[in-house]
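Undergrad: Chain by chain, the residues:
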Amino acid sequence: MRTLLRRLGYLLRRRQLDADLAEEIEIHRAMVQKQLERSGMAPDDAAAASTRTLGNVTLAREDARAVLVWPWLESIGQDLRIGMRWLVRQPAFTAVAVMTLALGIGANTAVFSLLDASLFRRLHARHPEELVFPFEHGATGRGENRFTFQTFERLRAANTSLADLVAYDPSRFSITVDAEAEMRRGEFVTGSYFEMMGVRSLAGRFFTMADDAPGKDPVAVISYRYWSSRFNRDYAAVGKTITVGKTPVTVIGVTPPAFQGRELTSAWADIMLPMFLQRQLGLRDHTTFSLIGRLKPGTTADQAAQDLTTIRRQELAETGGANDEARAREIRLRSAEHGELPRLGPERPNDTKQTRLITSAILIVLLVACVNIACLLLARSASRQKEMALRLAIGASRARLIRQLLTESILLSILGGLAGLLFLGWTTSALMSVLPVSELPFDARQDYRTLMFAFGVSIGTGILFGLVPAFTASRVELQPVIQGNPIRGASRGWMAKSLVAAQVALTLALLVGAGLILRSLDRLYRVEFGFSADRVMTAWIYPTLLGFDYDREMRLYRELVDTLSSTPGITAASVSRMSINRGSFNLIGPGFFETVGIPIVEGRGFSISDTATSQRVGIISESVAGKYFGHESPIGRLMTPDVDQRFSAPTEIIGVVKEIRTGYRQQTFTPAVYAPYTQARRTALGQIIVYVRTSADPSAALPIVREAVKRVEPNLALFDVNTLAGQLDQSIGTERSTAMLLGCFGGLALILASIGLFGTMAHSVTSRTRELGIRMSLGADRRSVRRMVLREALIVVAAGLAVGVPLSVLGTRLVSNLLFGVVNTDPPTMAAAIGVLLVVILVAAYLPARRASLIDPMVALRTE
Amino acid sequence: MARTNTPPDLLPGTLDMLILRTLAAGPKHGYGIAERLRQVSEDVLQVGESSLYPALQRLLLNGWVKAEWGASENNRRARYYTLTPAGRKRLGAERVEFERLVTAIQRVLQTG
Chain A
3 MRTLLRRLGY LLRRRQLDAD LAEEIEIHRA MVQKQLERSG MAPDDAAAAS TRTLGNVTLA
63 REDARAVLVW PWLESIGQDL RIGMRWLVRQ PAFTAVAVMT LALGIGANTA VFSLLDASLF
123 RRLHARHPEE LVFPFEHGAT GRGENRFTFQ TFERLRAANT SLADLVAYDP SRFSITVDAE
183 AEMRRGEFVT GSYFEMMGVR SLAGRFFTMA DDAPGKDPVA VISYRYWSSR FNRDYAAVGK
243 TITVGKTPVT VIGVTPPAFQ GRELTSAWAD IMLPMFLQRQ LGLRDHTTFS LIGRLKPGTT
303 ADQAAQDLTT IRRQELAETG GANDEARARE IRLRSAEHGE LPRLGPERPN DTKQTRLITS
363 AILIVLLVAC VNIACLLLAR SASRQKEMAL RLAIGASRAR LIRQLLTESI LLSILGGLAG
423 LLFLGWTTSA LMSVLPVSEL PFDARQDYRT LMFAFGVSIG TGILFGLVPA FTASRVELQP
483 VIQGNPIRGA SRGWMAKSLV AAQVALTLAL LVGAGLILRS LDRLYRVEFG FSADRVMTAW
543 IYPTLLGFDY DREMRLYREL VDTLSSTPGI TAASVSRMSI NRGSFNLIGP GFFETVGIPI
603 VEGRGFSISD TATSQRVGII SESVAGKYFG HESPIGRLMT PDVDQRFSAP TEIIGVVKEI
663 RTGYRQQTFT PAVYAPYTQA RRTALGQIIV YVRTSADPSA ALPIVREAVK RVEPNLALFD
723 VNTLAGQLDQ SIGTERSTAM LLGCFGGLAL ILASIGLFGT MAHSVTSRTR ELGIRMSLGA
783 DRRSVRRMVL REALIVVAAG LAVGVPLSVL GTRLVSNLLF GVVNTDPPTM AAAIGVLLVV
843 ILVAAYLPAR RASLIDPMVA LRTE
Chain B
-5 MARTNTPPDL LPGTLDMLIL RTLAAGPKHG YGIAERLRQV SEDVLQVGES SLYPALQRLL
55 LNGWVKAEWG ASENNRRARY YTLTPAGRKR LGAERVEFER LVTAIQRVLQ TG
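Protein chains in written order, with the working numbering: chain A, 3 to 866; chain B, -5 to 106.
Bound-form chain A, shown alone (with noise of 0.2 Å):
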């Protein structure tokens, strides 16, 4: 260790060292020479004899100074000067080598720090590898974890094994600050939430189990996010009474910019209410809680599952839930290490398979890169034969060379990604908005792992893409090159032109990727409906957060769709209370069937006189109808549960709708029912969606829909505002971002391709130049010429195509799951891909042909 520090002093004193060194060993010879002076010798020769004993004097310092500084840390700096100069001296091949790597490292990074968060990232708590989610396990299916609050209270209060247990419920806020109304997600937790994640506020305090107690203040703790985008980061929101649903609420803390609760994605939650609050603001509906807890220290988590189970047992026999079922109940315990969604893994299939997919594409975008950049190195090396050759005779070895030429390609890899890394944000920015990022848990944010990924990989390329350069540019016959008449390795050139082929084959694999993608899509969006997606939008309501009580809410619908329907621009509002793409059951309002454009077969739609009072009344679908009445007209009949289920009483039939598909892969129309909400259970209510068609384009429209709102109800936000065109566009977001990813990654694998080909075509014809000028001195006009370095062109890209073809077959395997209408063997994808490669590819064969039919064979003959 003494010795590892001395030498580092020694290669920082380098230049002292060797002056020292140099005047020692000068010194030495002179006293040498005095010696044998003083025995007679004249100083001239007794100068030469001294030299001349002590023999090689470079050699000695060097041996010497060797002793001191690693001459291969000292070589290795050479060889970067020596890299450095030969990358400046050819600014337009480092141009496109450090663009090309660019590219790859960069789009690389940019993926890795998108799937850092689901596969390495941690939440931010204190041990968070002691969190726990106990999920109840019934005797068949799967656990969920969903508890009543008593459950909750009687596992907290009776567990030996937990140092805390907390209950959360995730929730939608409707927030007026300023008086400005805004949806924002948030979450009741019990008073102990923020000592149990062992988090510090940033501003203010967390509260306490103090602060969860019926009767006290209400008081709310905001992210970071939210404190940033609507309080401008600024010290005096804590304290600001803001208003939640209806009731004021006193911020009193702002969380850490690192927490993010028990989720890695960006979904998480902007305000945090203590737990006694939900009763009055939380959805009617939720009426389970999931709990999170963490595990005293010493304890295994299938400790405290066992505790817990026998707790929960307990309950259930004291409740008189003492059958087999509950016997069989266990509670069992899941890291929360890593948030709320679990990592990849046959717990996630779909996502797996996305991420698979998406990584298997810029794995061969990068592998095009390095292929294409051995090309051109390949290229290169022909005209460094000289330098080469030069080196080896002044003594240098075999394995020197390579390292030096390795040396060179790690550096230019290292160049391309920090490259890379400058256009990382911008890069990954452009990722986010094709991926689905709400369904992925993808949260990019770059920190030092991204460096050391993006520094691993550039090491990695450089040395993947330098290695057969290196070998083959080091394998010099010395003798003829140095006698100015080098031979065209034959080897060199088949070399390069598998390389090209090779990256020929992974861009056709791209190619037919994006195709096929494509194609699907192009199926998917001839899809018919059965209604009319175009100038709709939707948006969500939630009265019960503002707490509202039953009459309220519908007195709220009502004026809502009148106030809409009257207002200009609009041509028609209604309401269901399930989104349209659902199912088979929903609770309209009176006029959904025009504003969505379902056409009414027969009878009326519903009207503001069906009311809760009045006689029940359905509408059903085409299919219902035949099923139920045959070819008799159902208009007027009864319809009773014990007949169909969707029916809560006795339902005279008013109406017959067209069916609707309610999802793009659904192969059959959906048989519906619908009944008016004013006659459903109260319970199952409590929000809505908004249907509004607009007469122009209906994003533009927003502004006067929130206007409108805002005339019935001031605090009411709008949720998840979107058209019906867009709803269902988001369900196929996974094709549609995927085939996107493809394209482009396809596109860039075919433009480095392109620039392979071209470079290595370009350099056949300038090392032919000499041939192709005899065979032209001989006879063989321009267009044979041509012809000849086309067609060598063609066969590489031919072979290319032979080795593509089975290899995007198996590849596309990958996708096909998305696909829809189409085979991933599907012929015509197969020949377009094929077409478009062949036509880009043969314009990068074209210049450099024209350009051997253009040799003047004088000139040539001449050349060398």
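Hint data in this document are derived by calculation from the structure and do not stem from the laboratory.
Fair warning: there could be bad hints in the mix.
Derived lysine-lysine pairs resembling DSBU-like cross-links, with alpha carbons at most 35 Å apart [unchecked claim]:
#1 Lys22(B) / Lys36(A)
#2 Lys242(A) / Lys712(A)
#3 Lys83(B) / Lys60(B)
#4 Lys60(B) / Lys36(A)
A partial selection of chain B residues facing chain A, derived with a Cβ cut-off under 7 Å [to be verified]:
#5 Arg30
#6 Tyr47
#7 Gln51
A partial selection of chain B residues facing chain A, derived with a Cβ cut-off under 8 Å [unchecked claim]:
#8 Ala18
#9 Val38
#10 Glu43
#11 Ser44
#12 Arg71
#13 Arg73
Keep in mind the model is a prediction, meaning the values are calculated, not measured.
Note that CB positions come from ideal geometry on N, CA and C, so glycine has one too.
Given chain A's structure and the hints, the job is docking chain B onto it.
TA: Then chain B, alone, in the frame of chain A:
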């Protein structure tokens, strides 16, 4: 690129020990060490600089000797090497080891 750092006649590592022994008598510069070795060994050990200086650097690196610039006998600059306490200890250890080795070799030769 194999070059020997010690004269072929010496056992590996012996040169380092001899240098340490030479310095045990007091600080010397490189030439002085070489001369001393030659004189004492009656011209048998002629150490060239191609082995002397690497050996000295090795000793420096291990902290067994210290080097300082000073004035030589006839007032010229020279770099003087001094034995450090660690070097003295090392010399003792190497001597014991070396004598054991020599005795062993002699035994083999005599009984052979």
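Undergrad: Please verify whether Lys83(B) and Lys60(B) have alpha carbons no more than 35 Å apart.
TA: Holds, at about 14 Å.
Undergrad: Going by Cβ atoms only, is Val38(B) closer than 8 Å to chain A?
TA: Because about 17 Å separates Val38(B) from the closest Cβ in chain A, which is outside the 8 Å limit, the hint is violated.
Undergrad: If you take the shortest Cβ to Cβ gap from Gln51(B) to chain A, is it below 7 Å?
TA: Gln51(B) check passes; min Cβ-Cβ to chain A is 4 Å, inside 7 Å.
Undergrad: For a C-alpha distance cap of 35 Å, please report whether Lys60(B) and Lys36(A) respect it.
TA: Measuring from Cα to Cα gives roughly 26 Å; hence the hint holds.
Undergrad: Sort out whether Lys36(A) lies within 35 Å of Lys22(B), counting only the CA atoms.
TA: Status holds; Cα separation ~18 Å.
Undergrad: Does Ser44(B) hold up as a contact with chain A if the rule is Cβ-Cβ below 8 Å?
TA: holds, 4 Å
Undergrad: For the hint on Tyr47(B), does the least C-beta distance to chain A fall short of 7 Å?
TA: Status holds, d = 4 Å.
Undergrad: Would the pair Lys242(A) and Lys712(A) pass a check requiring their Cα atoms to be no farther apart than 35 Å?
TA: Satisfied, since the Cα-Cα distance of roughly 23 Å is no more than 35 Å.
Undergrad: Should the interface hint for Arg71(B) be scored as holding, given a Cβ-Cβ cut-off of 8 Å against chain A?
TA: holds, 7 Å
Undergrad: Given Arg73(B) as an interface hint, is its Cβ closer than 8 Å to any Cβ of chain A?
TA: holds, 5 Å
Undergrad: Taking the least C-beta to C-beta distance, is Ala18(B) closer than 8 Å to chain A?
TA: violated, 21 Å
Undergrad: Does the closest beta carbon of chain A sit nearer than 7 Å to the beta carbon of Arg30(B)?
TA: Since chain A brings no Cβ nearer than about 13 Å to Arg30(B), farther than 7 Å, the hint is violated.
In this structure, the hints that do not hold are numbers 5, 8, 9, in rising order.
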